[in-house]
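Visitor: Chain residues, written in single-letter form:
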Amino acid sequence: MKKLTKVTSIVLATAMTVACLAGCGGNTSSADTFKIGGIGPITGGAAVYGQAVMNGAQIAVDEINAAGGINGHKIEYKFEDDEHDAEKSVNAYNSLMDWKMQILMGTVTSGPCIAVVDKTNADHVFQLTPSGTAPEAIAHDNAFRVCFSDPNQGTASAKYIGEHGLAKKVGIIYDSSDSYSSGITENFKNEAANQGIEVVSSEAFTADTKSDFSTHLQAAVDGGAELIFLPFYYSEASLVLTQAAQKDINVKFFGCDGLDGILALDGFDKSLAEGVMLLTPFSATSDDPQTKAFVDKYQEKYNEVPNQFAADAYDAIYIIKMAAEKANITPSMTNEEICNALMSAMTSIKYTGITGSDISWGADGEPNKAPIVVEIVNGEYSILK
Amino acid sequence: MSFLSNLINGLSLGSVYAIIALGYTMVYGIAKMLNFAHGDVIMVGAYVAFTIVSTLGLNPIIAVVTAIVICTGLGMLIERVAYKPLRNAGSPLAVLITAIGVSYLLQNIALLIFGANTKIFQSVISVPVIKLFDGQITISGETSVTIVCCIVIMIALTLFVNKSKAGQAMLAVSEDKGAAQLMGINVNGTIALTFAIGSALAAVAGVLLCSSYPSLNAYTGSMPGIKAFVAAVFGGIGSIPGALIGGILLGIIEILAKAYISSQLSDAIVFAVLIIVLLVRPTGLLGKKITEKV
Amino acid sequence: MSKFVDSIKSNKKLQSNLITFGMVIILYVICQSLAAAGILSNSMKGLLIQFCYYIIMAVSLNLTVGILGELSLGHAGFMCIGAYTYGIFAKVLSSGNLSRTAILLISLVLAAIIAAFFGFLIGIPVLRLKGDYLAIVTLAFGEIIKNVTGSLYIAKDSHGLHFSLNGTSDMVLDADNLVIIDGPKGITGLTSGVSFTLGTILVIITLIVVLNLINSRTGRAVMAIRDNRIAAEATGINVTKYKMLAFTISASLAGVAGVLYAGSLSTLTSTSKNFGYNMSIMILVYVVLGGIGSIRGSVIATVILVLLPEKLRFVNSYRMLIYAIVLIAMMILNWSPSARAWREKMINKIKSGKKVKEAK
Numbered sequence: 001m002k003k004l005t006k007v008t009s010i011v012l013a014t015a016m017t018v019a020c021l022a023g024c025g026g027n028t029s030s031a032d033t034f035k036i037g038g039i040g041p042i043t044g045g046a047a048v049y050g051q052a053v054m055n056g057a058q059i060a061v062d063e064i065n066a067a068g069g070i071n072g073h074k075i076e077y078k079f080e081d082d083e084h085d086a087e088k089s090v091n092a093y094n095s096l097m098d099w100k101m102q103i104l105m106g107t108v109t110s111g112p113c114i115a116v117v118d119k120t121n122a123d124h125v126f127q128l129t130p131s132g133t134a135p136e137a138i139a140h141d142n143a144f145r146v147c148f149s150d151p152n153q154g155t156a157s158a159k160y161i162g163e164h165g166l167a168k169k170v171g172i173i174y175d176s177s178d179s180y181s182s183g184i185t186e187n188f189k190n191e192a193a194n195q196g197i198e199v200v201s202s203e204a205f206t207a208d209t210k211s212d213f214s215t216h217l218q219a220a221v222d223g224g225a226e227l228i229f230l231p232f233y234y235s236e237a238s239l240v241l242t243q244a245a246q247k248d249i250n251v252k253f254f255g256c257d258g259l260d261g262i263l264a265l266d267g268f269d270k271s272l273a274e275g276v277m278l279l280t281p282f283s284a285t286s287d288d289p290q291t292k293a294f295v296d297k298y299q300e301k302y303n304e305v306p307n308q309f310a311a312d313a314y315d316a317i318y319i320i321k322m323a324a325e326k327a328n329i330t331p332s333m334t335n336e337e338i339c340n341a342l343m344s345a346m347t348s349i350k351y352t353g354i355t356g357s358d359i360s361w362g363a364d365g366e367p368n369k370a371p372i373v374v375e376i377v378n379g380e381y382s383i384l385k
Numbered sequence: 001m002s003f004l005s006n007l008i009n010g011l012s013l014g015s016v017y018a019i020i021a022l023g024y025t026m027v028y029g030i031a032k033m034l035n036f037a038h039g040d041v042i043m044v045g046a047y048v049a050f051t052i053v054s055t056l057g058l059n060p061i062i063a064v065v066t067a068i069v070i071c072t073g074l075g076m077l078i079e080r081v082a083y084k085p086l087r088n089a090g091s092p093l094a095v096l097i098t099a100i101g102v103s104y105l106l107q108n109i110a111l112l113i114f115g116a117n118t119k120i121f122q123s124v125i126s127v128p129v130i131k132l133f134d135g136q137i138t139i140s141g142e143t144s145v146t147i148v149c150c151i152v153i154m155i156a157l158t159l160f161v162n163k164s165k166a167g168q169a170m171l172a173v174s175e176d177k178g179a180a181q182l183m184g185i186n187v188n189g190t191i192a193l194t195f196a197i198g199s200a201l202a203a204v205a206g207v208l209l210c211s212s213y214p215s216l217n218a219y220t221g222s223m224p225g226i227k228a229f230v231a232a233v234f235g236g237i238g239s240i241p242g243a244l245i246g247g248i249l250l251g252i253i254e255i256l257a258k259a260y261i262s263s264q265l266s267d268a269i270v271f272a273v274l275i276i277v278l279l280v281r282p283t284g285l286l287g288k289k290i291t292e293k294v
Numbered sequence: 001m002s003k004f005v006d007s008i009k010s011n012k013k014l015q016s017n018l019i020t021f022g023m024v025i026i027l028y029v030i031c032q033s034l035a036a037a038g039i040l041s042n043s044m045k046g047l048l049i050q051f052c053y054y055i056i057m058a059v060s061l062n063l064t065v066g067i068l069g070e071l072s073l074g075h076a077g078f079m080c081i082g083a084y085t086y087g088i089f090a091k092v093l094s095s096g097n098l099s100r101t102a103i104l105l106i107s108l109v110l111a112a113i114i115a116a117f118f119g120f121l122i123g124i125p126v127l128r129l130k131g132d133y134l135a136i137v138t139l140a141f142g143e144i145i146k147n148v149t150g151s152l153y154i155a156k157d158s159h160g161l162h163f164s165l166n167g168t169s170d171m172v173l174d175a176d177n178l179v180i181i182d183g184p185k186g187i188t189g190l191t192s193g194v195s196f197t198l199g200t201i202l203v204i205i206t207l208i209v210v211l212n213l214i215n216s217r218t219g220r221a222v223m224a225i226r227d228n229r230i231a232a233e234a235t236g237i238n239v240t241k242y243k244m245l246a247f248t249i250s251a252s253l254a255g256v257a258g259v260l261y262a263g264s265l266s267t268l269t270s271t272s273k274n275f276g277y278n279m280s281i282m283i284l285v286y287v288v289l290g291g292i293g294s295i296r297g298s299v300i301a302t303v304i305l306v307l308l309p310e311k312l313r314f315v316n317s318y319r320m321l322i323y324a325i326v327l328i329a330m331m332i333l334n335w336s337p338s339a340r341a342w343r344e345k346m347i348n349k350i351k352s353g354k355k356v357k358e359a360k
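Protein chains in written order, with our numbering: chain A, 1 to 385; chain B, 1 to 294; chain C, 1 to 360.
Incorrect hints may appear among the rest.
[Unchecked claim] In silico lysine to aspartate or glutamate, DMTMM-like type, Cα no more than 25 Å apart, as pairs:
#1 Lys100/A with Asp123/A
#2 Lys32/B with Glu175/B
#3 Lys45/C with Glu274/A
#4 Lys326/A with Glu191/A
#5 Lys130/C with Asp176/B
#6 Lys311/C with Glu366/A
#7 Lys247/A with Asp287/A
#8 Lys84/B with Asp6/C
#9 Lys130/C with Glu175/B
#10 Lys247/A with Asp288/A
#11 Lys131/B with Glu226/A
#12 Lys252/A with Glu175/B
#13 Lys168/A with Glu344/C
#14 Lys252/A with Asp266/A
#15 Lys252/A with Asp288/A
#16 Lys45/C with Glu87/A
#17 Lys326/A with Glu366/A
#18 Lys156/C with Glu191/A
In case anyone wonders, no lab produced these hints; they're calculated from the structure. All of these numbers come straight from a predicted model, not from anything done at the bench.
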């Protein structure tokens, strides 16, 4: 009896495996659409970033398709989940390659991006990451990015603070389990030394201990910090600001682009963010007509205010469109031909979108755009010079 | 002075761990299972309270009561559907794995309903801040309420378990299921009741957790859940006062480790302390010694 | 030859082991030939090596959970040690003239030894505890390993290796330094792609080690300890020695799996996703679903559960939700006494139906 169950289970398992192996081969590929894939976390702790990118890009794809597509060819768009894990990200990439993806818009987070960029380089697939900030995320020639890089942001923040005399003593709180946050922190510290800024405290938290910031704030206060630098994402930053308010800590706060989105948090008391300064390429409350149109569409479709990730993704699709039109590519070309054509087109275009104007790219894949510093005044961004 | 304020911060974090650990330890004492879904019931409780306070704009008291009712129902449902069929499965691991499945399920349902974006939980507590030493040390209203809640719940649970009939039945079931059944105790009913109480406590813990640390998403409960599990083991799992002591000690150790040793490695230090405690006292601080029978 | 066949027939255990090996080899042959014919999809090709290291993880954890009878929730920590052993070794030697295969093979041996060493060290305190207290301490060790590897910075220059917890800027380095572990960013710039053949060979070695251990005198001693420690002790079995032995071997094999993991990706980071308790529990799920103590069950369950989330990609954001439901359903169907009774009844029905047919 027992043996029979075992035999059936083996047979079933083998049958299932074979079915799966064979089942994956089939594919419908039409020669007149561009297949653009996206990868990012849409489940798990980092889901908010992946979902924003997925949705932001979807809006751009819908707009482009409604307007006739790229060079007259429609875009087919598919987004795969990677749970913010390198291994799953490579799985997602492989499954997109089975779908015959031609261009990759992704991945959303740095760690997985470093793993995937290796694969796209080997397969000659053009890759544009909307939000992978680590230098290694675009290590190869075929990869470009929309957002600022970690070194770029860390250095720019320290420069701004130093040149504008915002503070002489700075406390840092950062996420030591996140490469984005620790990357910026490291570059900030290096530049701070040049600017004559004294870093009085540098306290870390991790993904597992991101609820209590009392010790971090205490250390900064004990060191006499006039400004606390917050190079991480807005959901943790909202906790820092709340706890600082509870403890009556009155210092300036300065953040990076990860802080963008804090005003759109459900239930967040905006008065806590009053006076917070951040580096951001995108502002959802901007008067720019293109931004306004995007924010309205996003709100209508997904019922929330888009953050910078959504904006980066929206721009990423339009950047691909611009480069594709410049290079005059068609869907019938091979991935390698598309990749080579786009690579040379990228370095000669100048793109103006919702995350910056006149952005150009070097061959290393880094965007050339000026970081904008904004201050939160009366619950809205006001651009600082 | 900064040491004292770190100590207070530790107390505030520890009281949150303690309140979660109380629910954990209750369920463990009876069902002898590591209920990995407990942290996610906390998250559900917090979301229910959030919806009522922030979305519907109702009174916080209604929010807390509704959260308790819904979590109690959810806890009993989970027990009935996912755990009860496996109670006599022959291995305690089977139900452990199902609990993990339930945990994933609750997280992903919450993700689909409420979205991935973090919600900022409005504190349901309006107790004023206590200031000591000319305002050099502040104890937030949330901390004082959490600590008071912890102590009240601990006393109530201890009285309930030791004085009431249902509580005695719980003790009997945790001691020996078979013998309890022979004595005419409704074992299934008792276990269901334990889950109901444990989940009600989880709802309270969820509201208090998110009042102190107001960011709420689908994964809010999982790490505090694990930490509370550690706290429960620390104090001696199954022991009600042990959960309180374990929780508060854990919070204080975590904060002091962060403040004075290394903020990156605070978790490693907490776990290292746990290991040392268990080596000295293999059943936790207040745990009963297990005598082995041949 | 016929003698050999007879000896197989009479030896149930050998028979069952041969089925397990046969299964792995047949799967390997099928996959390789499909790949050679070019029918195998990219996503399957990517998964093949994952099957290998997850099978090694599950089989080695089964040694601790099923054979030794102790619940471990920190198995991924040993995988982490193996992975970082490879990462550091490969990075340090990347400028040398050793071939990649040589580096891989040396790291495999090194990882097995280092993971075994850590398994031994951790085993000393852990195995003194019992039941859930033991489980929580393994979880604690796993988290410590993850936490430390995730915040460590190591760099190399002409003065040797430098360590720091605060960042590379804290280290005094030569201009031509090489950052090996960059804190949370981990190790980047590894060459990715270990072959499926190497993976399969390692799976088979793992199976040989574990199955031989189970069927040996040592294995019987370990199982005697699991079933009744006091009785085993009374018959003169050195309980500590055998417990340590099983735990150390299990850790060592997990280290080997870690090398495969790191070798299949170009980057290595230590996050709660890949080396935290979540991963340890995932592996435990494979073991429990496949049957505690059943090595073949572990292999089958691993393949199914690694494949399942990938096959569920078409439902997009409902993927993990459905995965959770399937997991709960599988557990209840597989383990609940009433579901088991129902299953046996159905199988008996089919069987008796067949017999009736044969009689006609």
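Visitor: Lysine 45/C and glutamate 274/A: Cα distance at most 25 Å?
Guide: Status violated; Cα separation ~52 Å.
Visitor: Are the Cα atoms of lysine 130/C and glutamate 175/B separated by 25 Å or less?
Guide: Since the Cα atoms of lysine 130/C and glutamate 175/B sit roughly 18 Å apart, the hinted pair holds (cutoff 25 Å).
Visitor: Mind checking the alpha carbons of lysine 168/A and glutamate 344/C for me, to see if they're no more than 25 Å apart?
Guide: 76 Å, violated
Visitor: Are the Cα positions of lysine 84/B and aspartate 6/C separated by 25 Å at most?
Guide: Violated, at roughly 46 Å.
Visitor: Is the Cα-Cα distance between lysine 311/C and glutamate 366/A 25 Å or less?
Guide: Outside the cut-off at roughly 36 Å; violated.
Visitor: Within a Cα-Cα threshold of 25 Å, do lysine 130/C and aspartate 176/B meet the stated pairing?
Guide: 19 Å, holds
Visitor: If you draw a straight line from the CA of lysine 45/C to the CA of glutamate 87/A, is it 25 Å or shorter?
Guide: 13 Å, holds
Visitor: Taking 25 Å as the top limit, are the C-alpha atoms of lysine 32/B and glutamate 175/B close enough?
Guide: 10 Å, holds
Visitor: Can the restraint linking lysine 326/A and glutamate 191/A be considered satisfied, given a maximum Cα separation of 25 Å?
Guide: Given pair lysine 326/A, glutamate 191/A is violated - Cα atoms ~38 Å apart, limit 25 Å.
Visitor: Lysine 252/A and glutamate 175/B: Cα distance at most 25 Å?
Guide: Measuring from Cα to Cα gives roughly 58 Å; hence the hint is violated.
Visitor: Decide if the proposed pair is consistent with the structure: lysine 156/C and glutamate 191/A, CA atoms, cutoff 25 Å inclusive.
Guide: Roughly 23 Å between the alpha carbons, so the hint for lysine 156/C and glutamate 191/A holds.
Visitor: When you check the alpha-carbon spacing of lysine 247/A and aspartate 287/A, does it fall within 25 Å?
Guide: Measuring from Cα to Cα gives roughly 36 Å; hence the hint is violated.
Going down the numbered hints, you'll see the structure goes against 3, 4, 6, 7, 8, 10, 12, 13, 15, while the others check out.
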